[in-house]
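The listed protein sequences derive, respectively, from chains B, W and E.
Position 70 of the first sequence, counted from 1, bears residue number 71 in the numbering used here, the numbering being contiguous throughout.
Position 266 of the second sequence, counted from 1, bears residue number 870 in the numbering used here, the numbering being contiguous throughout.
Position 139 of the third sequence, counted from 1, bears residue number 367 in the numbering used here, the numbering being contiguous throughout.
Note that these hints are calculated values from the structure, not bench results.
Hints should not be assumed to be uniformly reliable.
Some chain E residues well away from chain B (every beta-carbon gap over 10 Å; in silico) [unchecked claim]:
| no. | residue |
| --- | --- |
| 1 | His269 |
| 2 | His286 |
| 3 | Gln406 |
| 4 | Gln437 |
| 5 | Ala512 |
| 6 | Gly519 |
| 7 | Lys548 |
| 8 | Arg550 |
| 9 | Leu554 |
Cβ-to-Cβ under 8 Å is the rule here; a few derived chain W residues that face chain E [claimed, not checked]:
| no. | residue |
| --- | --- |
| 10 | Asp609 |
| 11 | Gln645 |
| 12 | Leu656 |
| 13 | Asp658 |
| 14 | Lys661 |
| 15 | Leu662 |
| 16 | Leu802 |
| 17 | Ala812 |
If you're wondering where the values come from, they're calculated on a predicted model, not measured in any experiment.
Cβ coordinates follow ideal geometry from the N, Cα and C atoms, glycine included.
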Amino acid sequence: MTARKDSAIDPPHYESGAIKEQIVPALQTAFPDDILDVQTMPVDETVTVVRVEGVRQIIRHLVEELDVLHLSTITGQEIEEGIELLYHFWRGSGLTLRVVLPLDALEVATVTDIIPGAAFYEREIVEMLGVTFAGHQDPLRLFLPDDWDGPPPLRKERS
Amino acid sequence: MAFGDVGAALVAWFLYPGFLFLFACAWAFEWFDRLTIARSQARVGPPWFQPLADLIKLLAKEDLMPTGTKEVLAAGLPMLALASSLTAVLYVPIAGRAALSFEGDLIVVLFLLSLPALCYFLAGRVTGGVYSLLGGNRSLLQYFSYEVPFMIALSGPAILGGSWSIAQIAQHQDATGWGLLVQPLGFLLAIIGLIGKLKRDPLDIPKAKSEMVAGSLTEYSGRKLALWHLAMNVQAVVGVFLLVNAFMGGQSFHQPLLNGVGFALRSLLIVFALSGSSVLYARLRIDQLANLGWRVLAPLGLLQILVILGIGR
Amino acid sequence: MRRITIPIGPQHPLLKEPVSFLLDVEGEQVLDSVLRLGYVHRGIERLAQERSYVQIVHLVERVCGICSHVHTTTYCKAVESLMGLEVPERGVYLRALLCELERIHSHMLWLGVLAMNMGFDTVFMYAWRDREIVLDMMEDLSGGRVSHAVNVIGGVRIDLDEEQRKDMLARLAQLEQQVLRAKNVVEHERSLRARTEGIGILTPEQAKQYCVVGPVARASGLDMDLRRDMPHLPYSELDFEVITHDAGDVWARTLVRVLETVESVHLCRQILENLPDGPVSVRAKRRAPEGEAITRTEAPRGEVIYYVRGDGSESPARLKIRTPTLTTLITLPEQLRNVAVADVSVVLSGVDLCIACADR
């Protein structure tokens with residue numbers, strides 16, 4: 002077998018406008034209450050601000066209906082209002098879902114049953130930021146040692 | 605016993621063709637092998653004294669064993685492996701002369717040459733640890749895959765030569781023609797069998813570095829490991845000598861010096877074959893070897909025997 | 229037969245970096261495996277919050293040894309987007325040249341390691357000898373064989389004069405010969421193929437579900453390569469093929485990587501022949517404005533993604549790195565199921581692990 006160019010499995014690559022022109026409007030139509038805002042970010046990234054409760058169903062819709070399958074990673078960071086999670090997707094250009102979790106309710110539904118590849122990303126956020134992913138099967142330590150008992154490393158020190 | 609007899613026995617025992625000679629051959633074998641492999645891989649290769657330097661270095665290292673190892677067994681197994689090869693060489697003609705010889709000594713030599721494989725397996729059991737156990741298990745599996753073709757291949761020259769004595773086989777080949785040319789298939793099978801016996805690439809499955817760390821010898825270090833290396837090299841040398849006699853005749857000339865040179869050259873040819881196969885092939889998987897041994901090599905060996913029986917008539 | 233646990237790692241001759249696989253084995257079959265990472269976790273994301281943007285260029289280079297340039301490139305692109313800087317074309321081309329040389333280097337190193345783990349020392353020795361040509365080229369370009377420190381925020385700090393450029397083209401011709409010979413060996417050597425074909429299969433559906441990237445994804449039939457999919461200089465002006473295969477086993481990954489190496493050699497030649505004139509960098513301020521940026525690059529192992537958030541100070545508020553090895557690590561327990569113990573080394577080598585990248 003020799004390697005060949007365009008495979009029949011996946012349509013090769015999508016036009017860069019697909020996210021802005023088709024996917025985001027489709028999401029806004031399907032989940033009008035959960036999509037709070039649409040912004041842009043360099044380089045060529047569309048950001049959709051999403052309510053916490055809507056994360057799971059929006060991601061399910063993206064994966065099952067809109068064919069946006071590739072989750073690059075999940076970023077977590079502490080901001081003024083709480084902990085912000087960014088789900089970075091890619092289909093020809095970037096689509097990021099922004100979710101803000103208030104500090105007294107650091108819980109969001111897991112998406113590992115929809116996207117098994119999210120398992121490691123969620124585990125990292127659990128140990129680095131202290132967020133709980135409801136329904137995650139295996140939230141063991143990923144990078145920190147088993148005997149780490151300090152605070153989650155990426156949280157700001159509060160004096 | 606006359607003093608001369610004792611003296612001659614001591615010389616034979618310790619100098620030639622005894623310990624010192626064999627250890628020197630083992631040294632030369634290892635160096636030649638490593639040099640050939642290195643040069644084929646665009647490297648420089650070790651200097652001539654490398655095997656001796658490695659031995660001395662190992663002797664100076666700390667000898668550590670995991671708790672629970674029976675030290676006596678762990679130390680005795682390499683000695684047994686070395687002793688069996690040293691005993692086997694008594695019956696193998698070197699440059700045309702065998703120290704001892706009797707009808708049937710081929711069988712004895714084959715038995716003695718397979719003792720190191722058993723010792724290797726037991727060494728894995730005795731030292732414990734996952735890698736040692738698994739390496740030992742694999743070595744036994746491997747043993748069953750190569751030993752049968754090896755024995756069948758070596759029976760060929762015996763049948764042609766009409767005798768089970770190695771010295772007789774060699775003399776017969778001098779008279780009628782080298783086994784290498786008359787039964788090339790048998791020769792090939794014997795080489796493959798020898799590669800398996802010596803656990804060399806591509807059949808170094810029991811001690812595959814990337815899987816078994818070092819197989820049975822994982823926990824060995826220091827003097828005991830040095831003894832193992834010596835045992836394996838001496839086994840290699842005896843195996844090479846056996847193959848020379850079985851397939852390339854014993855003394856073609858009637859002058860001891862020329863005999864010696866001829867013997868050395870023929871041995872080098874076999875060592876070349878061993879080193880070359882190390883360079884050319886990737887390691888086999890144990891199930892691939894088992895398949896190869898039972899489905900290809902053993903039947904080919906039987907085929908070769910049939911051909912020989914045909915020739916004989 | 230008894231079930232035993234074989235520990236592969238954290239220290240094992242098979243692994244270049246510490247990672248732990250506990251294999252649950254019965255006879256010669258692996259039943260299950262448990263993966264443990266974190267042995268080289270240095271907390272780079274946390275450290276980045278206390279360093280200035282310039283210091284982080286050096287920090288981020290040390291995420292990984294073998295794909296160091298890709299990390300600094302992606303990071304610098306993110307900060308440049310944040311600051312609104314545009315790197316001159318010559319600088320972009322030089323960055324891409326080193327990216328492609330790094331890709332060649334990484335794939336050749338990997339080929340040697342795969343061969344060594346299969347007991348095929350000869351291929352290992354030859355692949356690593358030819359890798360020396362690439363290392364010499366990189367040293368000529370940047371002063372370092374493996375760690376280059378070529379990127380600055382705003383461009384690159386090195387330049388090529390005409391003589392160096394011609395010299396590099398000559399060496400590239402030499403490298404091409406050796407790479408083509410390696411390709412020949414890989415395609416036709418039967419023992420290599422016998423040990424890698426049908427091992428560690430990842431179906432296209434599994435690859436999509438686990439969000440796998442890089443040569444592993446391409447070997448499973450997913451046609452994804454950021455150099456082509458994300459239009460950016462210089463790749464939008466260069467001509468190259470994306471190699472895919474549909475078997476999804478280690479043999480497919482070997483073929484994909486070797487053919488990618490050939491493509492990278494072509495890319496290097498195009499870059500060297502079409503190098504635009506001009507400056508190689510622009511000056512960057514010390515502070516980045518408030519804002520966020522996300523950049524992605526195609527590293528030798530796949531997609532690297534960086535997220536940077538600036539808060540107006542000299543130090544970023546957050547730096548997030550996700551490296552491609554993390555996406556392939558998650559598939560390993562699946563790949564190792566029901567594999568023979570002898571094939572564990574082949575599977576682990578076939579995935580091209582870069583644990584330092586994954587752990588950060």
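- prompt: Any of the earlier hints contradicted here, and which numbers?
  reply: 1, 4, 6, 7, 8, 9, 10, 12, 13, 14, 15 and 16
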